[in-house]
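Visitor: Please put together the full structure from these sequences, using the hints given.
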Amino acid sequence: MMVTILFYIFAAVAIGGAIGVVLARNPVGSLLYMVATLGAIAATFVLLEAHFLAAIQIIVYAGAIMVLFMFVIMLLNLGHDYQGDFKVGFYTTISLVVTGAIAGVIRSNLLGVQGLEGTGAEAIGVAVQEFGVVGAIARPLYTTYVVPFEITGILLLVAIVGAVALAKRNVT
Amino acid sequence: MITDALLLSAILFVIGTFGVLVRRNAIIIFLAIELQLNAVNVAFVAFSNLYGIDGQVFVFFVMTVAAAEAAVGLAIIISIFRHYETVDVNNFNFLKW
Chain A
217 MMVTILFYIF AAVAIGGAIG VVLARNPVGS LLYMVATLGA IAATFVLLEA HFLAAIQIIV
277 YAGAIMVLFM FVIMLLNLGH DYQGDFKVGF YTTISLVVTG AIAGVIRSNL LGVQGLEGTG
337 AEAIGVAVQE FGVVGAIARP LYTTYVVPFE ITGILLLVAI VGAVALAKRN VT
Chain B
213 MITDALLLSA ILFVIGTFGV LVRRNAIIIF LAIELQLNAV NVAFVAFSNL YGIDGQVFVF
273 FVMTVAAAEA AVGLAIIISI FRHYETVDVN NFNFLKW
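Protein chains in written order, with the numbering used here: chain A, 217 to 388; chain B, 213 to 309.
Just so you know, the hints here were simulated from the structure itself, not pulled from any lab data. Fair warning: there could be bad hints in the mix.
[Stated by the list, open to error] With beta-carbon atoms standing in for the labels, derived distance ranges:
1. B:Val274 to A:Ile310: 24 to 32 Å
2. A:Arg355 to B:Ile288: 33 to 41 Å
3. B:Tyr263 to A:Val219: 14 to 22 Å
4. A:Ile235 to B:His295: 28 to 36 Å
On a predicted model such as this, the values are computed, not experimentally measured, just so you know. The beta-carbon is built from N, C-alpha and C at its ideal position, and this holds for glycine as well.
Guide: Structure (structure tokens):
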């Protein structure tokens, strides 16, 4: 019961923060709302028994990616002399229609879904008992998903090289 | 609670989509895309409560790709800013018909 109440509180914070991200006039404000949203999502991860992912969410998203965004905003000096950047008129209408259609599709698929049942939670509980919180996720990562894992390493290397090459001045 | 988590995921995804569609500041658009990725992560974690740990492993991969994408995307935004002195996407319309 307690868990459910906490889940609703953090879900409300996440949704409020997400609305703030989209509607905030100042990019820095947008970013701070995003940090709040990510923190609330990390809390919902904890409530959904994904403790390791909650920690990673805080460290990687709120810690690294958001700081990267903040660096770029400050580097480009976007924090002040801000003019409104909402598309107005026709575009807003089309955007509302498109997002409404997506929301309608999701709603029609989720409506009437009650009491989803599965053995996943118990399996995760057993794995956590046996290998610990990190071991439970590390074991499939290094056995079943070892090839995608290595490819991810290559992806990160390519991203590093690409980011440096793009951001460097006077690359021919 | 799993259904609620899926609903939360859907709401966050729709808000992120709306942000991508209505904002013109490239960095905010990027932030909204990150929001969409996070919404999908919530759905993955919720489904991992039904089908086992594989969903959490997928969230791991999504986060890695998001980090790589943020680094490259922000580098692109910086190099665009050098040319045009703005990050308003209305000014980058070479591919617009």
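Visitor: Are the hints correct? Go through all of them and say.
Guide: Verification of the hints:
no.	hint	result
1	B:Val274 to A:Ile310: 24 to 32 Å	28 Å, holds
2	A:Arg355 to B:Ile288: 33 to 41 Å	37 Å, holds
3	B:Tyr263 to A:Val219: 14 to 22 Å	20 Å, holds
4	A:Ile235 to B:His295: 28 to 36 Å	33 Å, holds
Violated hints: none; the structure is consistent with every hint.
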